[in-house]
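Residue numbers (UniProt numbering), protein chains in the order written: chain R, 1 to 680; chain W, 1 to 652.
Some clues are possibly wrong.
[What the hints assert, rightly or not] Capping the alpha-carbon separation at 30 Å, the derived lysine-lysine pairs in DSSO-like fashion look like this: (1) R:Lys676 / W:Lys208; (2) W:Lys8 / R:Lys393; (3) R:Lys496 / W:Lys382; (4) W:Lys500 / R:Lys85; (5) R:Lys85 / W:Lys571; (6) R:Lys85 / W:Lys614; (7) R:Lys58 / R:Lys226; (8) R:Lys496 / W:Lys168; (9) R:Lys393 / W:Lys232; (10) W:Lys436 / R:Lys173; (11) W:Lys558 / W:Lys514; (12) R:Lys226 / R:Lys489; (13) W:Lys514 / R:Lys85; (14) R:Lys565 / W:Lys165; (15) R:Lys149 / W:Lys571; (16) R:Lys614 / R:Lys602; (17) W:Lys557 / R:Lys149; (18) R:Lys396 / W:Lys232; (19) W:Lys232 / R:Lys149; (20) W:Lys436 / R:Lys489; (21) W:Lys380 / R:Lys85; (22) R:Lys565 / W:Lys163; (23) R:Lys643 / W:Lys165; (24) W:Lys571 / R:Lys150; (25) W:Lys571 / R:Lys75; (26) R:Lys78 / W:Lys436; (27) W:Lys557 / R:Lys150; (28) W:Lys436 / R:Lys150; (29) W:Lys558 / R:Lys85; (30) W:Lys196 / R:Lys565; (31) W:Lys597 / W:Lys516; (32) R:Lys85 / W:Lys516; (33) R:Lys396 / W:Lys230; (34) R:Lys85 / W:Lys557; (35) R:Lys85 / W:Lys208; (36) R:Lys565 / W:Lys168; (37) W:Lys146 / W:Lys77; (38) R:Lys489 / W:Lys614; (39) W:Lys514 / W:Lys614; (40) W:Lys8 / R:Lys392.
Hints listed in this document are in silico derivations from the structure and should not be mistaken for laboratory results. None of these values were measured; they are calculated from a predicted model.
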Amino acid sequence: MGKYHVAVDVGGTFTDVYAFNDSSKETIVAKTPSVPSNPEIGILNGIKKANISGDEIKFFSHGTTVGTNALIERKLPKTILVTTKGFRDVAEIRRGNKADLWDAYNDVAPPYISRRNRMEINERTDYAGNILIDVDENEVRELARIIRKKEAESIAICLINSYVNGENERIVKEILQEELPNVYICISSEILPEIFEHERMSTTIINAVLGPKVNTYMKNLQGGMKEKGYNGNILVLHSGGGVMTSETVPRFAARIASSGIAAGAIASKYIANLCGFQNAIGLDMGGTSADISLMYEGNLTITKDWYIEYGYPIGFPSIQIQTIGAGGGSIAWIDEGGSLRNGPHSAGAVPGPACYSQGGDQPTNTDANLILGRLGSRVLDGNMELNVEESKKAIKNLCEAFDYSEYEAACAILKVANANMCDALRLISINQGYDPREFALVAFGGAGPLHGAYLAKEMGIPNIIIPAHPGVTAALGCTLVDVTHDISKTYVANVKDVRIEEIEKEFSLMEEEAIKLLKEDNVEKENMHLVRYIEMRYVGQWRSLSTTVTRPLTSLEDTINIFHKEHERVYAYSSNDQEIEIYGLRVQAIGHVPKPEFVEEKPNGDLKDALKEKRDVYFEEAEGFVQTPIYSRPNIPVQSIIKGPAVVEQIDSTIVIPPNFEARIDNYRNIILSWKGGNN
Amino acid sequence: MKTLNQTKLDPVTFEVLKNAFINLADQMSDQLLRTCYSFTIYNRDFSSALCDAEGNTVVQGTQDIAVHVGTLHFTAKAVIEDFKDDIHPGDVFLINDPYQGGTHFNDVRVIRPVFYENKLIAFMQVNGHWPDVGGASPGSFDVTAKEHYGEGIRIPPLRLWNKGKYLKDVANMLVSNMRVPEERLGDFRAQVESTKAAEIRLIGLVGKYGLDTVLAAFEEVQNYVERMAKSKISNLPNGTWETVDYIDMDPEQEERLIPIKIKMTIQGDKIHYDLSGSHPYIGCFLNSGFGSSFAALVGGTKAFFPDIPLNSGFYRVLETELPEGSVVNAPHPIAVTGFCSGSYEKIMNAVFELWSNLMPERAIACSFNMEYFLVGGWDKRKGYNNYFMWYDWMAGGHGGRNGRDGSNAISSIFGVGMTIQPCEGQERLTPVVTTKHEIITDSGGPGEYRGGCGVEKGGTLTNVGDSLMSYCSDRSRSITWGIFGGLPSYPHGAWINPGKDDEQFLGTVFSNLKVKEGDSFIRPSAGGGGLGDPLKRSSQLVLEDVMDDYVSIERAKKDYGVVIIEIDAEKDEYEIDYNETELTRAYIRQNRKKWLKEDMKIVYEKYQKGDIDKLDLIRQYGVIIDFSTGKLLETSTQQFREMLQERAASYW
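In isolation and in its complexed conformation, chain R is listed as follows:
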């Protein structure tokens, strides 16, 4: 048995490896370039770079962009949609809406399955689940003949009203699978038995187009890992914040359509917990964008309104992530109305910020941070040189337009960037009824720690947590998750007419299904854990709120009270005399997997030894440049206190501690910043 928990986060540019040694409690971190054409090679390279052999691995988990890239690049296997007669174009009509309301030239992406591959059969189930037209076996066999001719690799079956009764779908699948044994087939009543044909069909289609692809990927990775000597489970993170094994991944391929994005949120939840916070906002700010998540009372917020490309929803519950185009490389510019803007355009990796001296001539956030001395001119442990003169050249236009000094212009750039991020923070917090003053901000990613303090102050957030390894925090997140599956079902009933036994029966059936999935994932019985949720709304409303209920279910009274309270919290009103209806049921199946156990360090050494140098750093609040101590993070002893202004540097990030902020290094090497007035 190995000793390492190995987690890999495969990003667009880099593959990050985070490994935790269970016996020595040490951490190994490695970064290698991603190999988009063969992502498993990038992973194997990364593990090699971390100097870990297969038989030393105890537990392997990862987040991948295989699904996301396949969808965006449309490198998909030939897939057929089979649906009810008259409905093949639902996949193209969608809900008819566009993301860009005003630009007639900015189109929604085309459907994943083109019209020529969308086929129909004459069958029908009504709203109550009665079968109006039976499946005609001969018609389906004839369809199989054509599909064989088309040489399709995958089939999505989605029939109208199958969320109430999936019988016709099951019959069609059985016949097609018999005729086409090597074709991947999935049906909507198994994938997501929920009302609304477009959302269910879209989820089923995405599942079908990704199924064969993901299957191959998992097999290759498994093979590669076996060769390295690892024979355990290959776990993959899904958007709901859990992992699946290679047994269940191909069946619910759409769940890993955006596997990587949840990792950062999970890590920030874990770290906030470790630091003693139940409410936290995670900010993962990289080069081009920032991903924001929220944890309330220990749980990350979940959404079902989620997609990779606008117009094609994936209906599985997913961790809610607010993404905005604000990163280190975001460009500051002046629009035609004379307003100073920041992003969403980014200088990207090439040419990169002006200070990279690779031909970038637009000022970016990184340039502004460099001009102000917040970033040192040598980064990546001295492996990269930043050229401040190029930054100053790039910022000239802004100085002229607004009559600013270079420093004023740089401050203005950062303030606008911070304001944009605060607007995104508001969307996920205040706009949904959460008061940021009750939260901690977990700031990570390469650029997060440069901005975190200012964002927190603007939002009234009292504490900022900077994880020990900000640049690979997302990878860390992959080691911290359990196997999870979500089984959901549309179930509509007024609470006053509802029979508890009936709901209990529905839940039991769903739990049977859940346990079956966990068994397939090799989860031992004692590690299984089931959580029930009911979605409710006031009769007549269109959106519902989700609350947990007990197992077994004995009464709805508590649930109803929680619903009123939750409605009050989110929308600032509730009404006890309004009728409530149940709208959906969900069971979350959790299979606990072992996690790294981080140990607390004891103070050792002197903060003075961590002092690298002093340099001039510009702080507007101090009205100019201040001689500021620069610390090297690995050398800072735990339990140190650093008063701002100060800057802390490490290989994967730079942390700014502004004047009036104080930093405390906890026993897990997290840095916790607080500011005067923040705790009032």
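Since the structure of chain R is already known, use the hints to place chain W on it.
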């Protein structure tokens, strides 16, 4: 560059407050979307705005529906005018009056004045489309209405909260005149609470930045948009452009298309729209009031400047002439509820066409017409015994574009953020079984860049009692047109019991048709018009269209002159016959101008004999018939042919 920055605020404060205002308006929209009761609002038929103390719009929601754009300031101003000094903290007003700048009665606006230290500083406004506001027809869409009195309840500026006290009796009086009153109260409450949330946020901003700064920002955000718009317009050539579009008919008059004329003049940094010469208001509810006509001009213009935010600063660069008493400025009490299918869409598409000449890189041909379908009555299914109201609209095709086909099957230009309702939801709420919801082959207008395809929805009513069906659309005669040589698409209009003995074309406007269990119906929506000469379309693209059945092999030949041979349809194997294609294209090129001038009576005879079909009639001969009676419409044909001459033949 230097001269551009003219704000009273420093650039950072300005940018921060501008974004905070947008965020605040979106917050109102977001909350309404999550708490609303009616499916119309749930499917995004609503809008939100922050208006200044004079009622001018500072910002409106970024995802809000196009049709409300340009009207929210009118209704805020109407409240100010009616109540003047009698506006107090804790007041909330309601208004839905199209004769005071609203759109139609269903668009009910909640307006909350915001005070800071007893000074009125702003208004929060949330406008939601209520599915019913009373009147003779379920859904309050009475196409036979000539005056508004029977249509629904008209709400001039009305106080519903008085200094923090809810006026329950007034609210009850209002909703008692509407179908499903509890749902109406639910929407009302959701709208009121949304404005409340925005008020709290604005007060927070004032607390942080100071009142003077926030008030200055209200003004500067409008100045900013004005500056941005003027700078763009100044770069355009001065000149005048004219066009005309048509509503199908005035049901009170002899057959003839009803012209809406638009003359656009660009002079320096201003845009002037003159709609003089447009037809007097007509005898059905497709007229529009001045508010919605203004909205159409704003929306049409904005589409060519997608990156300019909308607020009252934008309205400052527009000068408009909307002749009183006309179909684009109908006075009280003339019915205007159907404006969205009538004048509004005509103005907007015509404005698109004018700008397409000016900015060919953003050109777009005419898009399908908004359509509303309503069935109301008793749901007699097992376990149900309630009044139901089914209110539906469809996606359709948008116009062909420069270098790109029009979009297939998307929401109407009336509001592309509006969502199409799911059939499964409808089948739960309504005794209907949907028989199809699909793209119509050959519905896209032919062009070098094809119009997007339209959609057809059909259904059969099951256990209904005492039920009535109404429909509000247009363009069964003034068929969705192409530009720069492109051709028209496909006629709108609903059919009842298609394929049965009692099959009947019901047209695009009818109301209160009695329907019973077992009745079936279909409604096609048009595709978009084509852009450019269809004979110049790449034959490869026509082949792709045939593979996807967007275009049939038959019409590939007739509309595009492209001859395609089927090898094995099951394997998507087809071939282009290049020789035949060349010959066919030459033949069409030689004759098509002649066809458009052929004696309409002779053409009509050919159609009656079955020698030519409906689409030949429209696209090749420009002949318009009444599909319910099968009669030739001579005047309409003449007008339609003149239109085709202008928009298509003159480019060939």
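Violated constraints from the hint list, given by number and in increasing order
When the structure is compared with the hints, numbers 11, 12, 19, 23, 31, 35 and 38 turn out to be violated.
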